[in-house]
Amino acid sequence: MNHDPAITSCSIDGRAVFAAPKLGQCLRTFLREQGALGIKKGCDAGDCGACTVWLDGEPVHSCLVPAFRATGGEVTTIEGLGQPGALHEMQRRFLDAQGFQCGFCTAGMIMTAAALDEAQRADLPHALKGNLCRCTGYRAVADAIGGSVEAQEDVAGQACGASLRNPFGEAIVTGHARYTMDLSADEPTLEGLLHLKVLRAEHAHARIARIDRTRAEALPGVVAIFTWEDVPRRLYSTATHEDHLVDPDDSYILDNVVRFRGQRVAAVVAESEAIAEAACRLLVVEYEILPAVFDPEAAMRPDAPVLHDKGPATLGSRGNIYAEIHGEVGSVADGFAAADAVHERTYSTSRVQHVHLETHGSIAWRDEAGRVHVRTSSQAPFIVQQKLCHLFALPARAVHVFTERVGGGFGGKQEMITEDLCVLATLATGRPVKWEYTRQEQFTAATTRHQMTTRVKLGATRDGTLTAIEVRVVSNTGAYGGHAGETLAASLGGPLTAYRCANKKADGYAVYTNLVPGGGFRGYGSSQTTFAIECAIDELAIKLGVHKFTIRRKNMIRPGDWIESVWSDPSDVDFGSYGLDQCMDNVESALASGRGAAKPAGEAWLEGTGIALAMLECGPPTEHRSGAEMRLVSDGRYHLAVGSTEMGNGSVTSHRQIAAELLDCAAGQIDIINADTDRAPYDTGTFASTGTVVAGQAVALTAAALRENLLGYASHHTGAERAVCRLESDAVLCGDRRVRLAELYAAGSAEGHRFEAKRKAYLSPRTVAFNVHGVRLAVHRVTAEVRILHSVHGADIGRLINPMQCRGQIDGAIGMGIGWALTENMIHDDGGAVVNPSLRNYRIPAFADVPPSEVYFADTHDRIGPLGAKSQGECAINPVAPAIANAIADATGVRFAHLPLTPDRIFADLGPAR
Amino acid sequence: MNPFAYERASNAAGAVAAVAGHPGAAFLGGGTNLVDHMRLGVASPDLLVDITKLPFDRVEELPSGGVRIGAGVRNSDLAADQLIRSRYPMLSQALLSGASGQLRNLATTGGNLLQRTRCVYFQDVTTPCNKREPGTGCSAIGGYTRYHAILGASEHCVAVHPSDMAVAMVALDATVVVLGRLGERRVKLVEFHRLPGDDPWQDTVLGHGELIVAVELPALPFATRSAYRKVRDRASFAFALVSVAAALDVEGGTVRDARVALGGVAHKPWRATQAEAALRGAPATAESFRRAADAELAAARPLDGNAYKIPMVRNTMVAVLRDLSAEATP
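One line per chain: the protein sequences are A and B, in this order.
Heads up: the first sequence begins at 1076 in this note's numbering, then just goes up one per residue.
Heads up: the second sequence begins at 20 in this note's numbering, then just goes up one per residue.
If you are wondering where the hints come from, they were derived from the structure by calculation, not from laboratory data.
This one's a predicted model, so the numbers in the text were calculated from it and none came from an experiment.
Even for Gly, the Cβ is constructed at its ideal location relative to N, Cα and C.
One or more hints might be untrue.
[Stated by the list, open to error] Straight-line distance between alpha carbons at most 25 angstroms, and here's what the computed SDA-like set of lysine to any residue pairs gives:
| # | chain 1 | residue 1 | chain 2 | residue 2 |
| --- | --- | --- | --- | --- |
| 1 | A | K1097 | B | H56 |
| 2 | A | K1097 | B | K72 |
| 3 | B | K72 | A | V1092 |
| 4 | A | K1629 | A | T1697 |
| 5 | B | K72 | A | A1091 |
| 6 | A | K1097 | B | S63 |
[To be verified] Every beta carbon over 10 angstroms from chain A, so not counted as near; a handful from chain B, in silico:
| # | residue |
| --- | --- |
| 7 | D69 |
| 8 | V78 |
| 9 | G85 |
| 10 | L115 |
| 11 | S158 |
| 12 | E174 |
| 13 | H175 |
| 14 | Q221 |
| 15 | E235 |
| 16 | A246 |
| 17 | G271 |
| 18 | A301 |
| 19 | P302 |
Turn these sequences into a full structure, and let the hints steer you where they fit.
Here it is as structure tokens:
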């Protein structure tokens, strides 16, 4: 036996490595230190598969293998499997089918898939148990492994409407794409890199009396420690919106009061992550424990402990009620009086986490001129820049914020979670500082979907015509109020607007409690009320004996209707197009077709069908703006800069397509950069489904302006009439004469002409999009297992810029909706601690849990959205959970009104064993 | 993770000596559970003795008609083994119902038996837990108990054993072969795992430094008709809410013999001896199966959050036995 780790050596992708792993190091971090950055960290616990490599030819989770174990072994990573230009067959398949979105899980997914034999490939639900993807809903993964070619040719003049490839696809499938943390150790900007770790609160509500840092400071390798006494005492909100007034300034970088278990108490920067972590454990904190409250109803009572008392910032709030919204149109009292049937019930949704596979994290450093650079995983780098300037009293030019590829967002990264501490530490130490969230921190110290409890009361006449809709929403925003007001408003918006009814009333409360804060999350409040109302509509229909499709068709909003929820003041929402009727028809006929899996044999299986509809206002009611900049470069190619973030939503692909359509060229002629405060124009952020309707609009306006510039100059250059000049691929046709763009550029620049354009887009008016989901499923009455047999989705999202990507976004949203409906739930104990902060105990759907869905697009062309397109990133999730709940009710005769619909809950309500 | 030293054992006796003589040492098999625990701070051995190169990687037929499974046999290889699939289908099914391919490629037979509970409080070092830190109390009692025990729990611990494989093996009357400093000893698997009692930190009867070298399954001809059924939250891998392993010997409509074990219900894989006794000689009907389940569950004591497990076990057991008896009647 040998005791000397120094002689450890192995081979990584065919190259011999003689470095010794650190004592206690796992293979994942060792390989990354050796430069194998294609390997990703998703969970560090063997649950997600993002770190899958082959050890002596067999796929393993490298996070669970002690690095020493690789001694004498051969490790193959994604970068050794194949290279750009010399792809492995499985990499080529993932490229051809575009079997990824953000691409963060892709390296691991490919390493698993490439090792499967034919029999295993025939049983992917089983073979892919160990690899989680949060973006795709797995259909694209199945397509890839099955070898189907989904991507289409990039033809000049036909870019829009084609399923073009992601321009970074080859980098993604080979592990060469660089995400936030993928910086090699010898990167010059990172010389002297420090690691940051945070000590987190052990109590749900407490005042910090004293922090003894003596022992922590004495630990060799500790460089600095920060507590509330060391930070600028400036209030802010971690939430990012164009209008900062919509979120309460209720947070400090570090506070002397902790309001949830897991809140930051102190930050340590040290020479290594292990030292920083050890130093956190050596800090001694004396708390003065305060009473805590977790239930929002209890928190609203006058005797409840009050969480925030921060003067003007929270002046408008009443006790723990951060925001309340009340409204009524018509008179619900009259409406219920006129009803033949009234249905009333309380529904609730669960607190869930985004689980983007790339955790939060950022790296900050100063350059020689003293500017601060922040490389971060953010959906809103420009607002992060503003917030950093505010917190550290820096001018905007002193701070540069940018993203590399972002590994998923789903609203979780519409938040400044890590950047402030990295900048604080780099300003204090002068050295680069890196901080990467653990998966556990994602659950205990990031943000969640707002848990909402919704009382719904509906009235209707005998024929199913709605006479009154009344809802009361109580939203648990947790310890901080970012997004609380906006999600509450959204919860009372689209879901109530979707139905025409003269009498509507809503009361909403967003309430502080001592739990992990709520935040932005795909569907943003609307999902929660859609769940409640769509369940209630079904229950009302059953009461009246009216079919589920009939009651919806009778009452759903139609063009010409006044688009209103419970506020009678005019809004900027308009029907740019309307395809809800088509969605309903498509889902109904698909369900009636009998396709999908048959009900499993046996009398124990009960079968049911359910549907739900959802309406989305495309974009947020708050201010939102995006800029784009485009120029022709000397070789005749175009360069496009947009501020918007790409986090798997596909915007870098679709933005090129939009520009290519207007410039009559191939998308491949356009190089794109994005999400960089130095190199791209301002963008509010990629959230609230704005990637197409705002940023895409900015790209369209910019490309159109550049086209005018080019044609104007071409006309001047050739003497041809402007009217006979047009662009064609890499040239301008001016009557009979064809001038190559490179030639035009040379001529123009000689004369001092600049071929560039810059435009902004603002989001108003806003159009509307619709989604209808239908499922047929079976419930096992012995085990309460739910099996989805047929899943169909109708989407009205206008013109499809990239059909493959649109379908991918919808498949992904359906997968996420299935998780929300059936398995996902953050559970906290009596002390406010999250008891399931890992992917092992918090279960997002894996391949086996998401059946393929039939997706039908309504044939609409929007007159408001760019090139006829509408929003599509979020809305598909909204009808999924209620459709499943409605189908379970149809199958069992029992209404399950509280998410998630786990076997034990269903089981408990199914009554005595049969 | 805390720093640790690493040795690779070249023979079993050496491995045993290395661990037995060093209080902070631990055997490292597949590491899927141990490495995770080291990262969580649940375990912090200062010496890991890697036993994966020891010659315990074979599945062999025994002269008695049984099978001997080397402790180092990977879960993936065991599940795929022809002998196991044909003679003990419930074991193959149990293995495949758990974990992912990547985990099964690492996880070993011995390590699977030694998996520790997935109780969320046990895995969270900031909470009291008698199993992790004796005498600190049990956070699960009065806490989140959806996954916890309904049988055999104590006031000190209500955790459940997470293994699927062990449930099938316990039903199959497996014997664990253990090597210690004084030589080999054999322990019936049903006695290998312990109930929590007053000392829940002891999962098994193994002493420090004792190494599992093999698991032996006796011949059980009627186990060719056996099944493992697991109820869980998610179709892909998740720990069992409850599970049932059963083999049934039916002739002429009468149960001659039965093997039944339960998972997800107790601190150990639970051999359902009461149910087996009730089944023997009874007509192979749903009524008898229900009675057998009730006999086993008479001792069940649910907590606040897991009362659903009692009817769920009953239903699942009845369903598995019905399916097996239906197979028996052509």
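Status of the hints after comparison with the structure:
A distance of roughly 18 angstroms separates the Cα atoms of K1097/A and H56/B; the hinted pair therefore holds under the 25 angstroms criterion. Between K1097/A and K72/B, the direct Cα distance comes to roughly 22 angstroms. Compliance with the 25 angstroms bound is thereby established for this hinted pair. A C-alpha spacing of about 22 angstroms is found between K72/B and V1092/A, which places the hinted pair at or below 25 angstroms, so the restraint holds. With a C-alpha separation of about 32 angstroms, the suggested pair K1629/A and T1697/A falls outside the 25 angstroms cut-off, and the hint is violated.
Between K72/B and A1091/A, the direct Cα distance comes to roughly 22 angstroms. Compliance with the 25 angstroms bound is thereby established for this hinted pair. At most 25 angstroms may separate the alpha-carbon atoms for a hinted pair to count; K1097/A and S63/B meet this at roughly 16 angstroms. Not every C-beta of chain A lies more than 10 angstroms from that of D69/B, the closest at about 7 angstroms, which undercuts listing it as non-interface. No Cβ of chain A approaches the Cβ of V78/B within 10 angstroms, the least distance being about 18 angstroms, so the stated non-interface status holds.
Listed as a non-interface residue, G85/B keeps its Cβ farther than 10 angstroms from every Cβ of chain A; the least gap is roughly 28 angstroms. Remark: the non-interface label on L115/B conflicts with the geometry, its nearest Cβ contact in chain A lying 7 angstroms away (cut-off 10 angstroms). Separation of S158/B from chain A is inadequate, the least Cβ-Cβ distance of about 8 angstroms not exceeding the 10 angstroms criterion. Every CB of chain A lies more than 10 angstroms from the CB of E174/B, the least distance being 19 angstroms, so the non-interface label holds.
The non-interface label for H175/B is consistent with chain A: the shortest C-beta to C-beta separation is roughly 19 angstroms, beyond 10 angstroms. Q221/B, annotated as away from the interface, keeps every beta carbon of chain A farther than 10 angstroms; the closest lies near 24 angstroms. Under the 10 angstroms C-beta cut-off, the non-interface status given to E235/B relative to chain A holds; the minimum distance is some 27 angstroms. The Cβ of A246/B lies farther than 10 angstroms from every Cβ of chain A, with a closest approach of about 13 angstroms, so its non-interface assignment holds.
Taking the minimum C-beta to C-beta distance to chain A, about 25 angstroms, the non-interface status of G271/B holds against the 10 angstroms cut. Against chain A, the non-interface label of A301/B holds: every CB pair exceeds 10 angstroms, the least being about 19 angstroms. For P302/B, the non-interface assignment is confirmed: its Cβ lies about 20 angstroms from the closest Cβ of chain A, beyond the 10 angstroms cut-off.
Violated hints for the displayed structure, listed by number in ascending order: 4, 7, 10 and 11.
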